[in-house]
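Undergrad: Now for the letters of each chain:
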Amino acid sequence: MDYRVRLEVFEGPLDLLLHLVKKNELDIFNIPIAEITADYLNYMKLFRRLNLDFAGEFLVMASTLIHIKSRMLLPPAETVEEEELEDPRQELAARLMEYQKFKEAASILKEREAIQGNIYGRLPMIPEDEDYTIEATLFDLLDAFQRVAIRAEEEVREIIQEDISIEDRIGEILNLLENKRFISFETIFSGQRTKRLLIVTFLALLELIRLKRVFARQAEPFGAIRIYRARQELVAQA
Amino acid sequence: MEKEKLKSIIECLLFFSDKSLGIDKLAEITEIENHEELKGAIEELKKEYELRNSGLQLLNIAQGYQFCTRPEFSSWVRKLYKSQTTFQLSLPALETLSIIAYKQPVTRAEIEKIRGVDSSYVLRTLLERKLIRISGRKRLPGRPIIYGTTQEFLRYFGLKELSEIPSLEEIKPPVSG
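Residue numbers (our numbering), protein chains in the order written: chain D, 1 to 238; chain U, 1 to 177.
Hints are computed from structural coordinates only; laboratory data are not their basis.
Taking beta-carbon pairs under 8 Å as the criterion, some of the chain D residues facing chain U (in silico): (1) Ala55; (2) Glu57; (3) Lys101; (4) Ala105; (5) Lys110; (6) Glu113; (7) Asn118; (8) Ile119; (9) Gly121; (10) Ile150.
The structure presented is a predicted model; accordingly, all values stated were derived computationally and were not measured.
Positions of the beta carbon are idealized from the N, C-alpha and C atoms, including for glycine.
Put together the whole structure using the sequences plus the hints.
TA: Right, here's the structure in full:
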């Protein structure tokens with residue numbers, strides 16, 4: 001089976017380049033382009049060997065590097081104007097400098113986030129149950145599912161083989177709802193670590209809604225979705 | 001109105017509010033037009049809380065004022081409120097946020113040019129968390145959407161105003177080479 005892992009170690013080609021510059025203690029304004037290109041391409045080979053799924057931007061940067069390298073090897077054409085005789089690496093250096101600044105700014109924000117994370121203000125009033133009166137449409141559910149699926153995809157770090165049928169998931173969802181009037185849409189999906197499990201869960205939820213065992217409701221259009229247990233059951237248990 | 005009463009009124013309002021209250025709002029409610037008078041009362045209130053080692057502090061945050069808990073008592077608050085998992089932004093999110101904070105109003109294309117990677121997912125997450133907002137459209141072909149930071153951004157990072165973050169010129173890149 002072909003496993004693809006999203007590459008998160010390097011956020012992008014600039015991040016990788018910056019890493020190479022630092023690792024080799026290079027001067028951003030005087031990058032030995034042949035070496036760094038070789039280094040960069042080696043990393044890409046490694047990504048491929050590890051079957052890491054990297055964004056197309058990595059390829060674009062590879063071609064940019066090769067282009068700069070070739071321009072540096074060629075003697076400047078005689079017709080070239082004086083002002084065009086700039087170092088072909090200049091633009092790349094400027095981009096790296098700029099990117100580095102924002103990376104630094106991001107780390108300043110991160111520090112502030114850590115400090116602020118320990119300071120609490122009053123919480124917004126929690127909306128009353130009665131506010132959740134709008135029946136969520138299939139599109140709302142699909143949107144919500146997509147958000148959950150994307151988030152899960154980002155979080156998945158290990159690969160687990162696990163199989164479960166829709167019927168089983170239906171049972172599990174009803175279990176989650178036991179002794180509760182409602183749970184959030186996201187709760188149903190938490191812990192579902194593979195695409196297959198997410199899809200099975202979603203289908204199970206749709207089936208439950210079709211059978212009117214549960215209701216999906218929102219407090220406002222496009223708002224958060226809560227899954228309510230059908231009332232009959234509440235009555236039956238009471 | 002006498003100062004002690006004004007202080008008590010402000011205390012009530014800030015205690016009750018779940019977000020930072022701006023001076024304009026306070027002026028509107030208390031019907032005191034003189035901002036300096038209000039600010040004076042707020043400062044005194046703030047000092048009082050500091051002097052008696054209160055668990056609360058009056059913060060000047062997100063272009064206004066808000067009562068918050070003191071960081072040294074965070075572990076106790078977390079014991080009460082377990083479900084509030086300490087959420088932290090990912091590095092790509094922080095990076096994108098810092099670009100927006102400094103370059104706003106800014107388009108997605110401009111952000112992606114700096115980051116060198118597709119940023120649509122990160123932008124959506126930041127929008128959902130209300131840390132950024134769509135502030136309009138740029139007068140360019142295709143009328144691209146432009147993004148800016150929000151009040152929630154200021155609150156989240158404990159900033160009074162945007163100008164509180166160091167300017168780009170002040171940020172020194174780590175010594176390389």
